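**Student:** Just need the whole structure built from these sequences, with the hints factored in.
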Amino acid sequence: MKSFTKELWFNTGKKKEFINITSEIEKLLTKSGIQEGLCLVNAMHITSSVFVNDDEQGLHHDFDLWLEKLAPHEPVHSYRHNVGEDNADAHLKRQIMGREVVAAVTGGKLHFGPWEQIFYGEFDGMRRKRVLVKIIGE
Amino acid sequence: MKSFTKELWFNTGKKKEFINITSEIEKLLTKSGIQEGLCLVNAMHITSSVFVNDDEQGLHHDFDLWLEKLAPHEPVHSYRHNVGEDNADAHLKRQIMGREVVAAVTGGKLHFGPWEQIFYGEFDGMRRKRVLVKIIGE
Amino acid sequence: MKSFTKELWFNTGKKKEFINITSEIEKLLTKSGIQEGLCLVNAMHITSSVFVNDDEQGLHHDFDLWLEKLAPHEPVHSYRHNVGEDNADAHLKRQIMGREVVAAVTGGKLHFGPWEQIFYGEFDGMRRKRVLVKIIGE
Numbered sequence: 143m144k145s146f147t148k149e150l151w152f153n154t155g156k157k158k159e160f161i162n163i164t165s166e167i168e169k170l171l172t173k174s175g176i177q178e179g180l181c182l183v184n185a186m187h188i189t190s191s192v193f194v195n196d197d198e199q200g201l202h203h204d205f206d207l208w209l210e211k212l213a214p215h216e217p218v219h220s221y222r223h224n225v226g227e228d229n230a231d232a233h234l235k236r237q238i239m240g241r242e243v244v245a246a247v248t249g250g251k252l253h254f255g256p257w258e259q260i261f262y263g264e265f266d267g268m269r270r271k272r273v274l275v276k277i278i279g280e
Numbered sequence: 143m144k145s146f147t148k149e150l151w152f153n154t155g156k157k158k159e160f161i162n163i164t165s166e167i168e169k170l171l172t173k174s175g176i177q178e179g180l181c182l183v184n185a186m187h188i189t190s191s192v193f194v195n196d197d198e199q200g201l202h203h204d205f206d207l208w209l210e211k212l213a214p215h216e217p218v219h220s221y222r223h224n225v226g227e228d229n230a231d232a233h234l235k236r237q238i239m240g241r242e243v244v245a246a247v248t249g250g251k252l253h254f255g256p257w258e259q260i261f262y263g264e265f266d267g268m269r270r271k272r273v274l275v276k277i278i279g280e
Numbered sequence: 143m144k145s146f147t148k149e150l151w152f153n154t155g156k157k158k159e160f161i162n163i164t165s166e167i168e169k170l171l172t173k174s175g176i177q178e179g180l181c182l183v184n185a186m187h188i189t190s191s192v193f194v195n196d197d198e199q200g201l202h203h204d205f206d207l208w209l210e211k212l213a214p215h216e217p218v219h220s221y222r223h224n225v226g227e228d229n230a231d232a233h234l235k236r237q238i239m240g241r242e243v244v245a246a247v248t249g250g251k252l253h254f255g256p257w258e259q260i261f262y263g264e265f266d267g268m269r270r271k272r273v274l275v276k277i278i279g280e
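Protein chains in written order, with our numbering: chain A, 143 to 280; chain B, 143 to 280; chain C, 143 to 280.
Treat the hints with care, since some could be wrong.
Heads up, the list lumps identical chains together, so a pair's fine if it works in one copy or across two of them.
Said to hold, decoys possible - Here are the simulated SDA-like cross-link-like pairs (lysine to any residue), alpha carbons at most 20 Å apart as the crow flies:
hint, residue 1, residue 2
1, K271, T248
2, K157, L252
3, K251, R272
4, K211, R222
5, K271, D196
6, K157, F146
7, K251, D228
8, K144, E280
Because the hints were derived from the structure by calculation, they are not lab data. Here the structure is a predicted model, which is why all the values come from computation and not from measurement.
**Tutor:** Put into structure tokens, the structure is as follows:
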């Protein structure tokens, strides 16, 4: 069994942002030399997500409004977590969008459907944060 | 390390549907010959889900109403994604229900609790769509 | 390839509870002797969750209120599942919080960010329920 490990760093310009990381993951997969296996991609922080969805700007706008409705940032003091912090909503948003994606590796490629793209979802950004890529297989 | 890969096709009769795929996954697992490992089952489309929950009709009705409340289909034009499309809500519903399930394989069987069943959840159906099964182990 | 399997039992004192199981998972990982691989931790029941978030009491209180708002327990008879049962909301809450976590194993340790902790989330407790730990790797 082979394994491959890599941490990716992000520092978003905005508090909330969606970044398509598919091509970066594909490059790491090629580098790993693994042909058949599983590829785990997860946020290493608890106020951000890794998820698979569509690379479409309108949809990302819809996600943003929807998450703000389900887990609003304001009023900040409605959250007991927000003592010296204001990111309780980011912890909640990340539960909706998920921590991780496990992708199949087949023939040395991400085995994806036609529209599947992997995103880093940031809900408390403008600081250095990490995503972990772990690939195992043969 | 062994690996096994199979794509399953679905074409639901309704826009929204939950289909129990547990016995189909179990058959593939037997066919793989893998005794100990991990079994990934994921939707290959971004408007459908794979999830584990109860095979109970009342609950599925509750899921349907609940998802419609959290991520309503109407009004269609409230979503910026819906330009020439009307499935923005399906992209949102799938985030709640999840893209994938990773199940443990022990002694050649899905290592499940008494009520765990794997479902394909369709939120934008009536067309051909796929689920991927990837099993790795020994 | 090595594999390691263990079921953990829980019987919470309250209907709803969050329990930090990180150190227990770390002990099992050490026992497995696996250095590089993947560690699956999943609820074996469909009214509970395994998830990664912050070990902070205020946040757990926020999670509880938020889940009660998104998937309220009352009115019990608003759910079609609740015929001779009253736990439909627990099935819904578990979809928000997730069934499972897949963690990377690097150098014999859980490869986690600074605040990542694994929790068992109970939404229909006060009875014996299980979590499965499956580790594969080398």
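**Student:** Look at each hint and say if it fits the structure.
**Tutor:** Structure-based check of all given hints:
1. Only between protomers do K271 and T248 lie at most 20 Å apart by alpha-carbon distance; the minimum there is 19 Å, versus 29 Å within a single protomer.
2. Proximity of K157 and L252 under a CA criterion of 20 Å is satisfied in neither setting, with 29 Å inside one chain copy and 28 Å between copies.
3. Proximity of K251 to R272 under the C-alpha cut-off of 20 Å is restricted to the inter-copy arrangement: shortest distance 18 Å between copies versus 23 Å within a copy.
4. Within a single copy, K211 and R222 get their C-alpha atoms as close as 19 Å, and across copies as close as 16 Å, so both meet the 20 Å cut-off.
5. Only between protomers do K271 and D196 lie at most 20 Å apart by alpha-carbon distance; the minimum there is 15 Å, versus 23 Å within a single protomer.
6. Neither within a single protomer nor between protomers do K157 and F146 lie at most 20 Å apart by alpha-carbon distance, with minima of 31 Å and 40 Å respectively.
7. Taking the shortest alpha-carbon separations for K251 and D228, neither the intra-copy value of 40 Å nor the inter-copy value of 31 Å comes in at or below 20 Å.
8. Within a single copy, K144 and E280 get their C-alpha atoms as close as 5 Å, and across copies as close as 9 Å, so both meet the 20 Å cut-off.
When the structure is compared with the earlier hints, violations turn up for hints 2, 6 and 7 and for no others.
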